Amino acid sequence: MKVKGRVTFQDLGAGAWVLEAEDGKRYELLGVERQRLIAGTRVEIEGDLDAGSVSTSMAAPALRVTRWTPR
Amino acid sequence: MSLRVVAVAVVSSTLLACSGGIRHDKRTLAGDSQRGRVPGRVVVDFRDGTSQTVLAERGAEWGVALRFNSLVGPEDGVALADNVEDVEALLRAIRQSPNVEVAEPLLTYEAQGFTPNDPEYPKQWNLRLIGMPDAWEMSRGKGVIVAVLDTGVAYETKGPFVRVPDLKGVRFAPGYDFVHDTDHPNDDNGHGTHVAGTIAQATNNGEGVAGIAYEATLMPVKVLDASGSGNSADIADGIRWAVDHGAKVLNLSLGGFGYSRVIENAVAYARKHGALVVAAAGNHGAGTVAYPAAYAGVVGVGAVGPDGTRAPYSAWGEQLDLLAPGGDKRRGDEGGILQATIARGEPGKSVYASYQGTSMATPHVAGVAALLFAAGAKTPDEVERALYLGASGPGGWNAQRGHGLLDAPGALRALGANTKVDWQPLAASAAILILLLLSLNPQVRPGGVLNVLLDPKLLLPLLVSSVGFFVLRVVWQRWMGSPPAAVDALSLPMPDWERIVFGRGRLAHPLFYSALIPLLVALPGMAWKGFRPVAAGIALGFAGFLAYAAWTRAPGLSWLPFHVLALPWLVANGLACAVLARALLARREKR
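Read top to bottom, the protein sequences are chains A and B. First residue of the first sequence: 1, per my numbering; consecutive thereafter. First residue of the second sequence: 1, per my numbering; consecutive thereafter.
Isolated chain A (complex conformation) (with noise of 0.2 Å):
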């Protein structure tokens, strides 16, 4: 899937970086390098939801990122 919107981290158990897409949905980001990650950045996504996925911050539906596009 393709998703466009802003990440943000969100502070829950130790942390969790959640796009917060443009039509107001929100997914956790699984599987992007950790410089990428920067609050306010606006990007646009590719990847696959991963309904099995597990994690400490249980924000969102976690988004296991495979193309990264800053915009």
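Think of the hints as simulated: they come from the structure by calculation, not from any bench. Please read these numbers as outputs of a predicted model, since none were measured by experiment. Every residue gets a Cβ at the ideal spot worked out from N, C-alpha and C, and that includes glycine. Errors might be hidden in some of the hints.
Simulated coverage check for chain B against chain A, where a stretch passes if three residues somewhere in it have a Cβ under 8 Å from a Cβ of chain A [as the list claims (entries may be wrong)]:
(1) 186–199
(2) 230–243
(3) 281–291
(4) 349–363
30 Å max Cα-Cα, derived BS3-like pairs, lysine-lysine [as the list claims (entries may be wrong)]:
(5) A:25 - B:329
(6) B:349 - B:329
(7) B:142 - B:123
(8) B:168 - B:349
(9) A:4 - B:329
(10) A:4 - A:25
Residues of chain A placed beyond 12 Å of chain B at every Cβ, according to the derived structure [what the hints assert, rightly or not]:
(11) 38
(12) 66
(13) 70
Fit chain B to the given chain A structure using the hints.
Structure of chain B alone, referenced to chain A:
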């Protein structure tokens, strides 16, 4: 019987029934008067307005120096005598004086409970919110293994990893790292160590912060990677491994949004083998509970902030069981949960960090579950029952707060008295009975309310259907020890006997919470008149039970797709039971 008598009976039977659950006895125990005595000091309460002159005269008479206790002494007359050699002799002399209201040994009072000496303990509002000072007097979790299925725990100094100083002295059982398949489940994230600290941080060690069950044994089971995420296979394996290696409590401060049969089966395995699984409700702030908290047999935990209300991020919903402190950092770090852990991304650096989340709430429940096992609970059912009965709040279950806010001393006391019976449904039945009798034409009314209620043929079925055959469990516990599940289920009100058929779950079966059973029982009553009081008692009990369930909005019903349907279902079926009871009570032949 006049209406007035009926009205008196309504009020008295309701009060009588309600009083069972909320009685508080205040008694002075033998020996209480000896506690806290200060040697050689006596407090004398003179009549109000006694002057300094009178005080000096009486002091000279009794051979002691008397002084008012404070600036209000000349008004309230409270004075002290110090350096008294023979306290009892002095008291005898003083009590003869007409100027004195009371004289007794001076007593000291201390804040109740145990206060650990950990320097950061004053910042742990969360531990005081759940009553830990009192609970620590009763249990500290000794000997119970609590598995922490998480990102690992900073429990050993090895390679790039360090043991955080405030875990020194904590007992650890061998764990496992399912992410890297090694015997060293060290923490490369920080989450797992924080969670483990809430459960069993080294406490009263003069360092850092305190933990709840600090005499319990921690078992680190790493199922999440350095980013804090993992998969269902590792979690399911971790659950089974922990249970097979002796864990009695499993803390899962993790969750996802996809249903996994593999994890659900592992949870059922844990429960079947006597372990309690506690999991986080989720941090998405919505009315759906994340998995695995949402599976039957898992205690699903939501979070509250320092003011005891649910935190905005905390999930809630039909699978929510309890609330516990998870923190609310909108007003700064002091609103979070403070524990020792490692710095984010730096496994070699120990820090004290304030976190928030249902992840933080979950280990509070796991810690208290360990206290309960250590205090004698034998089964996860017993622990769960004590957690829910002891929880603070308005009582009953609802989707917003579950069974209420975790209360550690409340749960420990509930464990000792887990034969508590909820009498309110019986009160509701009695009230319905009175309304039904009033609605019946006097010519077909079967008699006065007490005549009807005290007929054993009606009363026993009424008791069994509204409050349960609780005597069975009391007797079983007295003579045979911990009762099996079937006895437990039979001790419940008849609508809850579904647990014999369907096993335990937090949702009730709508066919059991309906007029179906009373209708089936009423069938023989059509032909056999002598059976009618029995059928009437059951219908009446169900009517009261369903009315009470509707009133308290509890519990949720399975199979009904929308939560909103549960209430009309309970009300309609309660009414049907009442109508059935009325028909069964009415005398067929007119007087």
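Do the hints match the structure? See the list:
no. : hint          : verdict
1   : 186–199       : holds (count 4)
2   : 230–243       : holds (count 4)
3   : 281–291       : holds (count 5)
4   : 349–363       : holds (count 6)
5   : A:25 - B:329  : 24 Å, holds
6   : B:349 - B:329 : 23 Å, holds
7   : B:142 - B:123 : 25 Å, holds
8   : B:168 - B:349 : 15 Å, holds
9   : A:4 - B:329   : 29 Å, holds
10  : A:4 - A:25    : 10 Å, holds
11  : 38            : 15 Å, holds
12  : 66            : 16 Å, holds
13  : 70            : 21 Å, holds
Of the numbered hints given earlier, the model fails none.
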